[in-house]
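Student: Sequence:
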Amino acid sequence: MSKSLVIVESPSKAKTISKFLGKGYRVEASMGHIRDLPKSQLGIDIDNNFLPKYITIRGKGEIIKKLKKEAKSASKIYLATDPDREGEAISWHLANILNLNINDLCRIEFNEITKNAVQNAIKNPRSINMNLVDAQQARRILDRLVGYNISPLLWKKIKRGLSAGRVQSVATRLICDREKEIENFKPEEYWSISVFLYEENPSHAFEAKFYGSLENKIELKNEEDVNKIIKDLKDEYIVYKVKTGIKKRNPSPPFITSTLQQEASRKLGFTAKKTMMIAQQLYEGIDIKGEGSLGLITYMRTDSTRVSEEAKKAAYKYILDKYGKEYTNPGATYTKKKGNIQDAHEAIRPSYIDKEPDIIKESLKSDQYKLYKLIWSRFISSQMSPAIYDTINMDIINNNYIFKTSGSKIKFPGFTKVYTENAGQEEEEKNLPLLSEGQKLQIKELKPLQHFTKPQPRYTEATLIKELEEKGIGRPSTYAPIISTLLERGYVIKENKNLKPTELGFIVTDVMKEFFANIVNVEFTANMEKQLDQVEEGIKKWIEIIDSFYNDFNHSLKIAEEQMKDIKLKDEETDIKCELCGRNMVIKYGRYGKFLACPGFPECKNTKPIVEKTGVKCPKCGGEILSKKSRKGKDYYICENSPKCDFILWDKPVNEKCPKCGNILIEKHRKNKKIIKCSSCDFVK
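Just so you know, the sequence shown maps onto residues 1 to 685 in the UniProt record's numbering.
Possibly wrong hints are sitting among the right ones.
In silico SDA-like pairs for lysine to any residue, Cα to Cα no more than 25 Å straight-line [said to hold, decoys possible]:
#	residue 1	residue 2
1	355	333
2	685	588
3	588	20
4	565	514
5	241	214
6	317	419
7	267	190
8	217	190
9	221	181
10	644	663
11	289	366
12	247	207
13	540	238
14	355	368
15	471	680
16	69	26
17	660	634
The set of hints was computed from the structure by calculation and includes no laboratory data.
Hey, can you work out the whole structure from these sequences and the hints?
Tutor: This is the structure:
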C-alpha cells in the first residue's frame, strides 16, 4: 500500500513529525531551499517584469532525485515547511520541482510540532498561498538588485570584498550615526545632594535626595549652587509629607523573536545568531529521555504575542496546581504594539507546559537548557497575576528646602515567583521606615556629588534589535543575519559587547548617504517593509513595488558610476614583521575585532592576534600579563612567558593586590556595574 509523503526542511524536524503520523506516512527533508537565484550573476530579467531565474542549488541534485522518486509512488504529498514567507517559498519551489498543482490542497502548517498540531494540519491542508510567496520573492529580488548592483561599485572604488544590502546598510548607518553623536557630545555639569537620615539608630539611616524648595524644583548646575544650598541647611530635618500606597507590576508578555534575542543577550550573553540556532533546535525536536524526539517550543520567528486558548488553559491549570488560585490570571492578554504585526503565529512558548526545564535538563545541552528555561519561565509568568508592592513616598523639609525619598516592599510576589527581568525583584525593593508627618530626623551624612551628562551608549546586539524593531526595519527572521553580516564584512566590531563602527563602516555609510540616500533612509526602508506586508495581504502586486523602486534606484546607480571617486582605503601598517616573509604586518578587522595580517595575501596568509600589555605583573613568574582575544572574540589575559608559565585569566586584571590574600584583583561587570574583586578569595572592593 502506497504511503503519503510529507516534506519538511530538516532531518530533526522529520524525525519529530514521523512519530506522530504512523506507518501510513513517510517524512523526508529537503534540507532547506532547493532552488535559489544564481550566485554568479544577477539572476533577474529586468526587461521581463523582473522575472527571477531560479536554479537548483549546488549539492541538492541527489535530494531532489530522492524526493521525486518518493513523490512518484506516494498516494498524497504534503508540504510541511515552516509557517512563514520563507517556508511558503520553499513549498512553492518543491511544488514546481515535483510538478504539483499549486492550487491542490498540498500545503500544511503548524505553529508547534506536537501530535495534535501535526494531525490537525494533515486534516486541514490548503493550497500554496501565492501572496506569501510573492512577498518573499519581492524581498529576495529587492535585496539582489541592491546587493548585486552596489557591491561591485564598492569593490571598484573602495576595497574588494565589500557589500551593500537593503537592510544591512540602514543598520550600519544607525550604528555610525550613534558613534558620531557620542564623538560630538559635549557633557554638561550638574550636581546632586544626598542626605542620610535616621530616627534613632544611625545604622538604619536611609537616603533622601535634594529636590528643591517648597515652591519649585531647583536644578543644581555647579558647585556654587550646591554650596549656597548647604550653607542654608539647618541641623533639623522634619518629615513634611508621607504618602503610602500600593503598586502593581504586571508581567511581561511572552517572547516574540526580537524580545527573545534581546533577553537572551542580556541574561545569557548569547548573540542573536546563537539564540536563533538554539531556538531552531528546540522547535524542530530534541531527543527526550524515554519519550523520543519532541519539539519543545512553538515557532521562533514571530512578532505576535497572541497565545492560543488551549495553551492558556494548560498554563492556568499548571499555575493553579503549583502555586494556588491567587497566582492565576485567566484574563491575561497582550495587545499588538504596532499595525504591521503579522498575527498568524503565536508568541514563542513551550509546546508542553508540563515539560519543566529542570525535569528534562538531562536531555538538553547546557545552552539548550538555558534558552528553554528562559522561554518556559517567561511564558508561565506571563499568565500569572501581577506582583504587588507596598509603596511609601516621603518629603523631608529643612529650612524651606525639600528632600525626597521613596521605597517599596513586596506584598505579594505574583509572577516574580517564576521570572524577573533584569530590573529584578531585588532591585525593586527598598525598605524605608514608616514615619509620621512632623517627625524629627537626625543627619548621619551630607553628600554633594558632581555629575556630567553622558551621551547615549553604543548599541549592543540587544539594543540594535530593539531599535530595528521599533523603527520597522527588517522582520523577525532578518535581525540575526543583519548583525552577522555587519561583523563579517568588518563594518562593525564588538568591544565589550558594544557594536562600534570601523573606519570602513563610516566610509561605506558616507558613500551610501551621498549616492543612495533612500537605501540608507530609515523611513524609506520601513515603508518598503510595509509594502512587502501589503503584498502578503494581497493588497499590492510585487512587480509594482519592484518597478517603482527600480526606476529611482537605477537613476542613482548611473550617477554613482559616473561621479563616485576612488577612495584608497589603506590598512594601518605596524612595525611587527611577518615571521614567514618579512613584510610589515597590517591591522585588519574581523568579526571579533582587530587582528594582524600579512599584506602579502594571498601569497602569504599569516595572521596573528593583536597583543596588548596590561601593565600588570604575573603573580607566578613576574612577567607582563598580556591581553589577547580568543577565536570567538572573548578577551583573555595570559603571561608573556606562556607556555612556560601557565597563568591565565578570563577577567581583566587590576594593578592592585588583594588586601586579604595578596592575589590579583580583577574587574567584573554585573548589570552595567563594574565590580573590583579578588581573583581567588571573596574580597570585594
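Student: Next pair to validate is residue 471 with residue 680; report whether the Cα-Cα distance is within 25 Å.
Tutor: Answer violated: residue 471 to residue 680 is near 46 Å, above 25 Å.
Student: For the pair supplied as a hint, residue 317 and residue 419, is the alpha-carbon distance within the 25 Å limit?
Tutor: With Cα atoms ~18 Å apart, residue 317 and residue 419 stay inside 25 Å; holds.
Student: Residue 685 and residue 588 were given as a pair; does the straight-line alpha-carbon distance stay at or below 25 Å?
Tutor: Distance of about 38 Å is beyond 25 Å: violated.
Student: Holds or violated: are the alpha carbons of residue 565 and residue 514 at most 25 Å from each other?
Tutor: Answer holds: residue 565 to residue 514 is near 11 Å, not above 25 Å.
Student: Given the hinted pair residue 221 and residue 181, is their alpha-carbon gap at most 25 Å?
Tutor: Cα-Cα ~23 Å, so holds.
Student: Holds or violated: are the alpha carbons of residue 355 and residue 333 at most 25 Å from each other?
Tutor: holds, 23 Å
Student: Does residue 634 sit within 25 Å of residue 660, going by the straight-line distance between their CA atoms?
Tutor: Roughly 29 Å between the alpha carbons, so the hint for residue 660 and residue 634 is violated.
Student: CA of residue 289 to CA of residue 366, is that 25 Å or under?
Tutor: holds, 16 Å
Student: Is it true that the CA of residue 247 sits at most 25 Å from the CA of residue 207?
Tutor: holds, 21 Å
Student: Take a quick look at whether residue 540 and residue 238 sit within 25 Å of each other, Cα to Cα.
Tutor: violated, 68 Å
Student: For the pair supplied as a hint, residue 644 and residue 663, is the alpha-carbon distance within the 25 Å limit?
Tutor: holds, 20 Å
Student: Within 25 Å, alpha carbon to alpha carbon, are residue 267 and residue 190?
Tutor: violated, 33 Å
Comparing the model with each earlier hint shows violations of hints 2, 3, 7, 13, 15, 17; every other hint is respected.
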